[in-house]
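Sequence lines, in order, name chains A and B. When you line the first sequence up against our numbering, it's residues 1 to 51, in that order. When you line the second sequence up against our numbering, it's residues 1 to 331, in that order.
Read the hints as simulated data drawn from the structure, not as lab findings. This list has only true hints and no planted wrong ones.
Stretch by stretch, here's where chain B covers chain A in the computed footprint (C-beta under 8 Å, at least three residues):
(1) 9 to 17
(2) 21 to 30
(3) 33 to 46
Quick caveat, the model's predicted, so the values are computed rather than measured. Each residue gets a CB set at the ideal place from its N, CA and C atoms; glycine is no exception.
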Amino acid sequence: MRALIAAAIGLAAALAIVLTVSAIGAPEGKTSPKPLLTTVPSAPGKITQTK
Amino acid sequence: MRRKASLVLLAFAVFFGALSPLLRWYAFPRLAKIPPSQYQEAVLEAKNATLIDYATMQSKTVPKVTVVQTLKGNVEAAKEIEKSAGKDVVVWDTLSYVQGPDGKMVSQIPERYIFDAHSQAPVHATGEMVDGDPVQRKGIEFKWPFLTEKRDYEYFDFQARTSAPIHYKGTQKFHGLDVYYFEQTVPWTKVPYPKKMPLPGIDSSTLEKTTGTSLWYTTTRKFWIDPVTGAPVNGEEVNQEEMRGGTLLGGRDKVTVFAGDVKMRDDYVNHTVDLVKKNRVLVLLLTSYLPWGFLGLALVLLALSLWLEARSRRPSDPPPTVTERLDPVIA
Numbered sequence: 001m002r003a004l005i006a007a008a009i010g011l012a013a014a015l016a017i018v019l020t021v022s023a024i025g026a027p028e029g030k031t032s033p034k035p036l037l038t039t040v041p042s043a044p045g046k047i048t049q050t051k
Numbered sequence: 001m002r003r004k005a006s007l008v009l010l011a012f013a014v015f016f017g018a019l020s021p022l023l024r025w026y027a028f029p030r031l032a033k034i035p036p037s038q039y040q041e042a043v044l045e046a047k048n049a050t051l052i053d054y055a056t057m058q059s060k061t062v063p064k065v066t067v068v069q070t071l072k073g074n075v076e077a078a079k080e081i082e083k084s085a086g087k088d089v090v091v092w093d094t095l096s097y098v099q100g101p102d103g104k105m106v107s108q109i110p111e112r113y114i115f116d117a118h119s120q121a122p123v124h125a126t127g128e129m130v131d132g133d134p135v136q137r138k139g140i141e142f143k144w145p146f147l148t149e150k151r152d153y154e155y156f157d158f159q160a161r162t163s164a165p166i167h168y169k170g171t172q173k174f175h176g177l178d179v180y181y182f183e184q185t186v187p188w189t190k191v192p193y194p195k196k197m198p199l200p201g202i203d204s205s206t207l208e209k210t211t212g213t214s215l216w217y218t219t220t221r222k223f224w225i226d227p228v229t230g231a232p233v234n235g236e237e238v239n240q241e242e243m244r245g246g247t248l249l250g251g252r253d254k255v256t257v258f259a260g261d262v263k264m265r266d267d268y269v270n271h272t273v274d275l276v277k278k279n280r281v282l283v284l285l286l287t288s289y290l291p292w293g294f295l296g297l298a299l300v301l302l303a304l305s306l307w308l309e310a311r312s313r314r315p316s317d318p319p320p321t322v323t324e325r326l327d328p329v330i331a
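Produce the entire structure from the sequences given, and follow the hints as far as they go.
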């Protein structure tokens, strides 16, 4: 009986963690203020000029 | 005491044993999604390409034509569409900006691509467009789904505005990664003129109607995809565009507008590979490392628990031996 209770506690904890983490999910963030480029960047992430 | 410890170990064994499949088959499909706020740019180049000079309507070989592709996640638009779609949605506003060797614009085509954040399946909503024209995409564009399979996918061609299969052609090594190579050939197809072209005084949207000259396009599209994240680590297009017929060509049947082998610039290849290597660890954590690790840990803990339990049941003192002789009971 004690073994069954211990197993149930383990299972419940696993379910609680996975359900909580899945429900929270990843943060959405904000729309980037960077523009759609109409100039050629000199290197990745290096926007030299915007219109 | 041993009994208690074995019960605690058993609880942990069940905890990790349950966590293993739950992470892989419950958490992963819900947690693995494209962030709606992603911003990414890529530069592709076609060296020794053929390009039309619109001033003379003659095509000539130029040292380099550059394509700048920007992709920007629109979080506000995604939230708005999610209300009616009832699922996680990503809205990408993109721009393909083509620049000639003189630094001047050759064409630019904006797009709005709306898709399911988890499966990359297209979501149809108001605003979905290519160059201002409403479209309904089928299949994928820009990115493959997480855990890409070795099979053909439907891929949307923004120039032709139709979808066609992109074929899985095998697994290759690329910058230390095992990647899936996909290829699609779009046969010569009549396509709309880009709305923004360097044609002063001419409205490209009515160009075909007024002159009878149409724009044709063919391409062989190549993608090298990291199968874990579904992200392209390299891309290449062997592209040809022609103007055909009508009054614009001065009696000629056709004129090449562009012909070239468009390849991703080396620094962007390296940058993309680095980014993908980082992101694939996160996916592998949920699909492989943690589920297998937790399963192994669960087995070790279970074995330890059983061992402690067995020890706790083993008598510590030898059983008393019967020394007295019992007298038979006589009724």
